[in-house]
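> Chains as they are written, first to last, in this note's numbering: chain V, 1 to 289; chain X, 1 to 258; chain U, 1 to 333.
Source of the hints: derived by calculation from the structure; they are not laboratory data. Certain hints may be false.
What the hints assert, rightly or not - With beta-carbon atoms standing in for the labels, derived distance ranges:
(1) A105/U <-> G147/V: 35 to 43 Å
(2) P85/V <-> W112/X: 52 to 60 Å
(3) P237/V <-> G148/U: 46 to 54 Å
(4) W112/X <-> Y157/U: 25 to 33 Å
(5) P85/V <-> K91/X: 17 to 25 Å
To be verified - Straight-line distance between alpha carbons at most 25 Å, and here's what the computed PhoX-like set of lysine-lysine pairs gives:
(6) K122/X <-> K14/U
(7) K173/X <-> K198/X
(8) K91/X <-> K114/U
(9) K134/X <-> K91/X
(10) K80/V <-> K161/V
(11) K198/X <-> K134/X
As the list claims (entries may be wrong) - Here are some of the chain U residues that sit facing chain V, going by a computed Cβ distance under 7 Å:
(12) I79
(13) T82
(14) L108
(15) F117
(16) Q127
(17) I275
(18) L276
(19) V279
(20) G288
Remember, it's a predicted structure, so these values are computed and weren't measured experimentally. Backbone N, C-alpha and C define an ideal beta-carbon position, used for all residues, glycine too.
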Amino acid sequence: MLILGQLINGLTQGSIYALIAIGFVIIFGTMNLVTFAHGEVYMIGAFMGYFALSVLHLPWYVALMMGMGAAWVLGFFIEKVAFRPLRAAGHMPPLLITIGLSIILKDLAMLLFGAENRPVPSIYGETIEIAGFQVSLLQLLILGIAGLLIIVLRILIQGTKIGRAMRATAQDHEAAYAMGVNVNRVFSVSFCLASCLGGAAGVMVGIYYNAVYPVMGDTAGLKGFAACIFGGLTSIPGAILGGLIIGVVENLTVQFIASGYRDIVAFLVLVIVLVFRPQGILGKKIRAV
Amino acid sequence: MSLLQVRSLSVIFGGLVAVNKVDLSIKEGEIVGLIGPNGAGKTTLFNCVCGFQEADEGSLSFGDRFIHAMAPHDIAALGLARTFQTSRIFKRMTVLEHVLLGQHSHQRTGLWGAIFRPGWVKEEEERSRERGMKILSFFEDRLAPRIHDFAETLSYANRRRLEIARALVSEPKLLLLDEPTAGMNPHESAGIARLIRKIRDELGTTVFLIEHDMKVIMGASERIIVLDHGEKIAEGQPEEIRHNQGVIEAYLGRKHGA
Amino acid sequence: MALYNFIPRRSNLKLWLPVLGSLLIFPIFVRNEYILNTAVFAGIYVILVSSLNITNGYTGLFSFGHAAFYGIGAYTAAILATRFNFPFLLTLPLAGIVAAIFGAAIALPTLRLKGIFLALVTIGFQQITFLVIMNWIGLTRGPMGIPGIPPASFFGYELKSNFEYYYLILFLVVGVLFLISRIVDSRVGRTFVAIREDELAAQSISINTFRAKVLSFVLATFFAGIAGAFFAHHARFISADSFRLEETFHILTMLIVGGMGSILGPVIGAVFLVILPEVFRSLAEYRGIVYGLIMIAAILFRPEGIAGVPGIISTRGILSRAERPQVAEEPAP
Chain V
1 MLILGQLING LTQGSIYALI AIGFVIIFGT MNLVTFAHGE VYMIGAFMGY FALSVLHLPW
61 YVALMMGMGA AWVLGFFIEK VAFRPLRAAG HMPPLLITIG LSIILKDLAM LLFGAENRPV
121 PSIYGETIEI AGFQVSLLQL LILGIAGLLI IVLRILIQGT KIGRAMRATA QDHEAAYAMG
181 VNVNRVFSVS FCLASCLGGA AGVMVGIYYN AVYPVMGDTA GLKGFAACIF GGLTSIPGAI
241 LGGLIIGVVE NLTVQFIASG YRDIVAFLVL VIVLVFRPQG ILGKKIRAV
Chain X
1 MSLLQVRSLS VIFGGLVAVN KVDLSIKEGE IVGLIGPNGA GKTTLFNCVC GFQEADEGSL
61 SFGDRFIHAM APHDIAALGL ARTFQTSRIF KRMTVLEHVL LGQHSHQRTG LWGAIFRPGW
121 VKEEEERSRE RGMKILSFFE DRLAPRIHDF AETLSYANRR RLEIARALVS EPKLLLLDEP
181 TAGMNPHESA GIARLIRKIR DELGTTVFLI EHDMKVIMGA SERIIVLDHG EKIAEGQPEE
241 IRHNQGVIEA YLGRKHGA
Chain U
1 MALYNFIPRR SNLKLWLPVL GSLLIFPIFV RNEYILNTAV FAGIYVILVS SLNITNGYTG
61 LFSFGHAAFY GIGAYTAAIL ATRFNFPFLL TLPLAGIVAA IFGAAIALPT LRLKGIFLAL
121 VTIGFQQITF LVIMNWIGLT RGPMGIPGIP PASFFGYELK SNFEYYYLIL FLVVGVLFLI
181 SRIVDSRVGR TFVAIREDEL AAQSISINTF RAKVLSFVLA TFFAGIAGAF FAHHARFISA
241 DSFRLEETFH ILTMLIVGGM GSILGPVIGA VFLVILPEVF RSLAEYRGIV YGLIMIAAIL
301 FRPEGIAGVP GIISTRGILS RAERPQVAEE PAP
């Protein structure tokens, strides 16, 4: 039963990683680019959530909205600075700029908020019994929110005009442009959307662990990326699977090996996937054109 | 003596048969042209010969060695050099560095040689430099005065010439040229046709070239092979090919040079 | 002659000998411990940035794991010195060798990868190294670090002041730059550049690109390890905190600002970005922000840095489907 408990823990944490990972998939899928500032977007979202919950004492769903909103705005700004001016430059220059941005954001957060943890109040601490073992309501809430966001995302991508434009752009920028899609706008919206999911993940982590702190984005961003690579860089289901698996294995590692090695799981996954199956579990083998 | 032997070579991309059971052989000292409409599989064939593309069926031999499973750098070391359809020069290396590095397979300086510079390393550099300048002199005064310029500063035609120089400098037995005159004007193209003859006559290098410019192919080649939709549809002297019904039909309606 | 073309040779002695001369007599006139300490750090970073330049600048491989090898070198020296009483003259080269062995071990399975994928796997390795150092208490004492590292010593004579360490690092810097210059200005160096420029074309002139890339990686990690050993003996105490991903980013920023693909670029970048925070001490808290802004400004306005070969980080080109980062080596049509 202990394992099932860890499983729930793992799935909860994993669903948060999944949201971060989906953000990377959206950005890479539509724009063909990678950002190293995603962790900081997540962190800013988390701080906004903290601000809403601890300072303004607003309910969690408002905090979530505010976190997502802040992340959206930040994402908009990042896309304008790092990606738009270098539209034709390949993937390395924007990547390096996002590294610069991540360093700046982290430092700013440390200056403004100090390096220590900021406490976030607990909510839904009660547990209920499902199938013979204890599950906390909070965990159900997080799984629920994550699931809901993913469903909303899918509706957005499959059913709306902008979603179609995103899919067309993901297939082929030039063809989409030739067919009248405003590719710049699609890039901007995609980036903002991805950031928004990252912000949501940040708020949820703050609520789950009752703390936010300026360097929380570092490992979270990289783990999300590991999940994204695991799934194949362009596959949303793969990213979800990757996030969940990393979350579960992490928790099992903490339980059976040592808590300090928890973070290693994601990086081992990253390295192993890249060495043995770089296209990921569900990705298509990328060939030269 | 057969230098290059291609037997029943096939390359299939997904559902598309790019090269279909092609047989051909090239004898030492020949200048052979390879023509065919766009998409006929010519560059794919070249890529197989050089080791950049794995063949799905068939075999390739160079001299007495089977090369169809060899890595590109090993095949090159056997004496096979090539130029590419899209000029692949080293943009931020100088002209001189190109012709020095082209002799890579004949040089032995490694890490220790580079650090300690014993006498033989200095001699090797000297000899490489001499040989490099000698090959550059093939190109009159187009490349030699620019030996310290970055390749990216060269004109388009000079870049193509540099690529040929880089290939020549390794004293290859067989030189594969992939559309060497693409993008050149008629005057420059004629120069390349002369150069190809000169390469064979003065250096003894066998030449196998892909071209779309009919004047160059007819002028430089002694034998022509025609590919269409991955299959060899004709082979023979330039005059025969020119009047070959099948070849004409293959080109009908499709763009061709000259 | 452009800055990026400069390679110190016997023929241009007039250019670099005066600089070397001034560096040699400089501490005699400036006996300030603080300034000399800064100079020592500048020296360490010159070695680190120059070594990263071998892979990232000359060979065009984007490695993001350099601090890990710096750390491996430092920890190797520290452990050998504190637990096994190895003298400095042994710990220094051994640190380089151990780092290079790790470099080879990483390079062999991963150098088929390209671009962003190579970058990610090196980050993965960087983080794994950091976490192992933090958690393998038995070997590294984890977060407590390793104190009491003996100072650098030569046959019993222990270095005591920054004055002496300055000359040691100057000697090492000159040595490393000399080696790198020789390597770069040779068939080996040209091979690296050819791989950076066009790997396929390099193969077509019989270059075994995989082997060359591994060599490039091993050289870079060797020098990083040497820098780590010096750092350990100078600081006398090391902990994993000095070898985080952030440190890799700092080294990378210095490389980009100074310029990639040249001998002078890393030197200028390292000196500039080590001295800058010291000059503007009032901005110490904003160090991260300044670094980030400098990196962004460099990429947006002058990606070749101060003395780098223009165009290695390209800001022009057509982003089409064909430019989608390729995972591993695939032949071109």
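> For every hint, state whether the structure bears it out.
Quick rundown of the hints versus the structure:
no. : hint                          : result
1   : A105/U <-> G147/V: 35 to 43 Å : 41 Å, holds
2   : P85/V <-> W112/X: 52 to 60 Å  : 46 Å, violated
3   : P237/V <-> G148/U: 46 to 54 Å : 53 Å, holds
4   : W112/X <-> Y157/U: 25 to 33 Å : 31 Å, holds
5   : P85/V <-> K91/X: 17 to 25 Å   : 23 Å, holds
6   : K122/X <-> K14/U              : 23 Å, holds
7   : K173/X <-> K198/X             : 15 Å, holds
8   : K91/X <-> K114/U              : 19 Å, holds
9   : K134/X <-> K91/X              : 22 Å, holds
10  : K80/V <-> K161/V              : 23 Å, holds
11  : K198/X <-> K134/X             : 14 Å, holds
12  : I79                           : 19 Å, violated
13  : T82                           : 22 Å, violated
14  : L108                          : 10 Å, violated
15  : F117                          : 6 Å, holds
16  : Q127                          : 5 Å, holds
17  : I275                          : 19 Å, violated
18  : L276                          : 15 Å, violated
19  : V279                          : 19 Å, violated
20  : G288                          : 3 Å, holds
Hints 2, 12, 13, 14, 17, 18, 19 from the earlier list are contradicted by this structure; the remaining hints agree with it.
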